[in-house]
Amino acid sequence: MKTKLSKAPFIYFIISLVSVTGHAQDKIIPIEEITIQASRKSSFLQDISSLRIDSLQKGRYAVSDLATLLKAETNINITQYGGEGSLSSVRLRGTGPSHTQINWNGIPLNSPSTGSVDLSLMSSLLTDEIEVIYGASGSMFGSGTFGGSLNLINKPDFKNKLSVNSFTELGSWDHFKSGAGLRVGNGKWQYHAGGFFQSSPNTYTFENPYFQGNPVQTRLNDSLVSKGFQNYVFIKLKHNWNFQAGMWLQNRHKNLPAPMSATQYLPSSQIDQSSRVYGRLTKGWSGALMEINLARLSDSLTYQEFDWTGSTVTRSSGFNSTVNSAGITGKWYLGEHWTMDAGTDLEIMSAKGSSFTGQLHEIRSSGFGSVRYNKNNFNAIAGIRQVWVIDKVHRTLVNISSSYLSSLLNLTFNAQISNKFRLPTFNERYWQPGGNPGLLPETGIGYETGIEWAPEPSGNIKSSLAINAFIQDVDNWVQWVPAGTYWSPRNIKNVRCQGFDANAVLNYSHGSSKYSLKGFYSYTESLDLNLLSTENRIQKQLPYIPLNQLLAKGSYEHGQLGFNLTYRYTGIRFTTDDHDPWLVLPPVHLFDTGASYLFRYKDFQTLISFRINNILNYSYQLIRAYPAPGRSFLFSVNFMFNQKKAEYAEN
Amino acid sequence: MQKIKRLIWVAGSLLVMQSCTWENPLFNNNSGYEHGIFVTNEGAFGNSNGSVSYVGKDSATAVNHLFEMVNGRPLGDVVQSMTVANDKGFIVVNNSQKVEVVDIKTFQSIGVITGLEYPRYLVALDKKKGYLTDGNFTGRVFVLDLTLLTITDTIAVGSGPEHMIIADERLIVANSGGWGNDSTLTVIDTKTDQVVATWNTGENPTDMVIDRNKNLWVLCKGQVVWDGWNIAKETTSSLCKMDPLTGRLLGKIEIGQVGDYFWPQVLGISEDGKKVFYLESGGIYSIDYEASMSSVTPLVPGLFYGFGIEPDTDVIHGLVAPTFTGAGWLIRYEPSGLVKDSIQVGIGPNRVAFN
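For the protein sequence lines, the chains are A and B, in the order given. Mapping of the first sequence onto this note's numbering: position 599 corresponds to residue 599, and the numbering continues sequentially without gaps. Mapping of the second sequence onto this note's numbering: position 351 corresponds to residue 351, and the numbering continues sequentially without gaps.
I should point out that these hints are in silico values taken from the structure, not numbers from a laboratory. Take the hints with a grain of salt, since some may be wrong.
[Stated by the list, open to error] Residues of chain B placed beyond 12 Å of chain A at every Cβ, according to the derived structure: (1) A85; (2) G115; (3) S295; (4) V315; (5) D341.
[As the list claims (entries may be wrong)] Across the chosen pairs, the derived CB separations fall in these ranges: (6) A:A415 - B:K233: 53 to 61 Å; (7) B:F354 - A:G438: 39 to 47 Å; (8) A:V393 - B:S336: 44 to 52 Å; (9) B:G115 - A:K392: 28 to 36 Å; (10) A:F591 - B:D312: 57 to 65 Å; (11) B:K340 - A:S316: 43 to 51 Å.
Treat the numbers as computed from the prediction; the structure is a model and nothing was measured. Ideal Cβ placement from N, Cα and C applies to all residues, glycine included.
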């Protein structure tokens, strides 16, 4: 079929394919700080509800883990077992930790054994962009997206020749982090490499309400040593072929602290190791684009318990898992208004562990496709994915979404309906004792609608306001329950998650001064609707899901000097199904502040930052009986050579 | 800054506590909590939400979180057991490595015994002296001064010591194997606190009672050989009848089945010593003290996490833990097995202490 392409849509669809891969992708928001050669509005129209943390925001937390970064920049519900580097999980929109898919350049990282990802293991080093997609559709992403997806994205800047940066961060309780990154190349190829090392003893003090008189105690056995290395290559080949590959190695040794009530504690630790690689080949034609992906992810977890001296291992357990995946996607531009994509992927999963009998294997495959209609300011997308798990289940997932921009009112309306599912994990099915091979997949339909007001900048003022409402059902929610003297997972909950998110941004500039105010608020109900549940939990909010969360941030920049102040509010959280009032975690109010100064000399820049977290030294817990750190100080030096505003290419 | 903190804290506390009930309808101004039963609720491991519930003998309601209500602080992690003796309550909090001691009339804290590793059960010999089992692998019995609330001596016993019973001035300790295996009872002379004998019994003994004929019944949960966290081998659980003076095995009754993944840990005896109660995967069973075979059908069918037999009345107190993320239940049954009433208690109820 002969088609005549207009330039803008063509560039847009190439970008949208390259930027997040492995699926038929449509959800790209170019951000102001990063130049992508496509209209922001036309791209934004593809989105339902999402949030981006760009390289500038991320730069303030140069070698942070994802949990720290998201807590600082968003109001997403992150639960964490204590200090820096502690086990952290995300509960997007009232769902569970295994209901958010974490993708690394389009490759799902969720463990086939646990179904979730420890966010404290996700380093932001070298990551150019972090994208949060609320309520990501199953037809786009596959299993486990009831809450949404978090996407880590690496991008090449083919105008870059050489840039180097290094970070060192020193903080309270002997905290030390250091890392370095290199980006080198030309218009044909780019190579990125970087590594980091972190040591955090986490010997912070806290008030202990479990002891008479709330004594102040020092946290013990919470230390962390972590190191990681990543590298990427992006190559433009002849005849519109492009190649990119990435590798990610990480190792973390974390001592596991005791609950606050312990008078002494049997030492234990956890070692996490990851080895991940992927390769991607793309070929463009006039009006079409093909992409081939290959990836191999290996993760291992070793848990050790020691005797009271801490020198002899008394028990050791763990598992390792491997996922090999391959996929091919094609995309076609069918005339002026229509785009279509289709593809297939295959995942071969295996796991071996001390609580599994033998080696576990599973093969999952899927075929997917979508059609997009785009005319003037109206977009509509319909997608479908068929998932097969060999000898087990198959599932059809569909998604319909649309958006409309009223140029006159500067309002964007959007709506989406999609069904989702999550396959039970290896642990849930095969853990000995208690694993339940007969578990049903969790399923549910999600509905979402939203509106954004983004007026044209008026003078020195720029603002936006967005609100999204959602309903997400999760049927057959898996929960581990006692079954005699052991525990077993059962499909016992029907849950409805519903609420709304709102965010507002106001920027004002005057001369060399810039003022910025940002606010994020979310109201989330997550209710157990299972009629078979005991009456004291029906219609009650699930544990650890706050109804209200707020993040407000103000910043001021004058020349090279910057200040910011952040307030985070996390509402009351129940820790039991039946809302036992004695076991409630009270609301949390946290204030953080920071100041920075950027020194420039030719192509050399040095950013010196100073932060105070939890200024009021507020005593709080994100997980019951695990204290969070009090006031802490962080001092960092970020040295940069030839760092400039990136112009990410379309690869 | 302190004012702001205080304001925030007060506002937060008000929000939290607005639905808490501080009034205790079961508190008797004269006898306090002396006459009733105490349910120990383990709580979810690692969540430090264990508690004690108080139920009046003639009441169908419970006061939960009794310790926190009276003392203003949470009890701790994995409340394993409670022993009432000498007008005191000794609450063993396993994963907090402590024994909280309260005045049984007011439930006010009067001290904490610490320096423990893996405490399990406590028995009182008299007003001055008590014993506490401790240890998940290598086991020990701590000799306690119950007035000073201190450890006065340590006696090495088998692996994973659990329940104890005092018979003829001797303390018999069930060595359950803990996270390993053991098949012995350690016998300690309570006058000298010396080990005087080690008897072989069934595999992994956990609990004991003495029947009408003064015979010792030992509940053995069966052997489980772990390969890491994986079960490599399992044997059936059993009841062993023994002579408490010589340790001679008088009989052995197999209960449960290999592969049921149920390792019973609770044994009970009727007031007249004629009925032995035990917990298995099908529910609460009872057999005659002269029986030589296990019961085929449970007296009280169901999935119980623990139980207790009330002295004097033989009322069966079944404990149900439907999840460890919400409240459990105390279900009381007539000695015949008919349901009497049910009462909501704390998370993971495991034992009952009668006073």
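Evaluation of the provided hints:
1. Even its closest Cβ contact with chain A, about 22 Å, leaves A85 (chain B) beyond 12 Å, as expected for a residue assigned away from the interface.
2. Annotated as non-interface, G115 (chain B) brings its C-beta within 12 Å of a C-beta of chain A; the closest such distance is 8 Å.
3. Residue-level check passed: S295 (chain B) sits 18 Å from the nearest beta carbon of chain A, beyond 12 Å.
4. Remark: the non-interface label on V315 (chain B) is consistent with the geometry, its nearest Cβ contact in chain A lying 24 Å away (cut-off 12 Å).
5. D341 (chain B), annotated as away from the interface, keeps every beta carbon of chain A farther than 12 Å; the closest lies near 17 Å.
6. One distance hint, 53 to 61 Å for the beta-carbon pair A415 (chain A) and K233 (chain B), holds here, with the actual separation near 58 Å.
7. Between F354 (chain B) and G438 (chain A), the C-beta spacing of about 41 Å keeps the proposed range 39 to 47 Å intact.
8. The hint said 44 to 52 Å for the Cβ distance between V393 (chain A) and S336 (chain B), and at roughly 47 Å that hint holds.
9. Taking the beta carbon of each, G115 (chain B) and K392 (chain A) are about 52 Å apart, not inside 28 to 36 Å as hinted.
10. Checked against the hint of 57 to 65 Å, the pair F591 (chain A) and D312 (chain B) passes, with Cβ atoms roughly 60 Å apart.
11. Evaluation of the 43 to 51 Å hint for K340 (chain B) and S316 (chain A) yields a pass: the beta carbon distance comes to about 47 Å.
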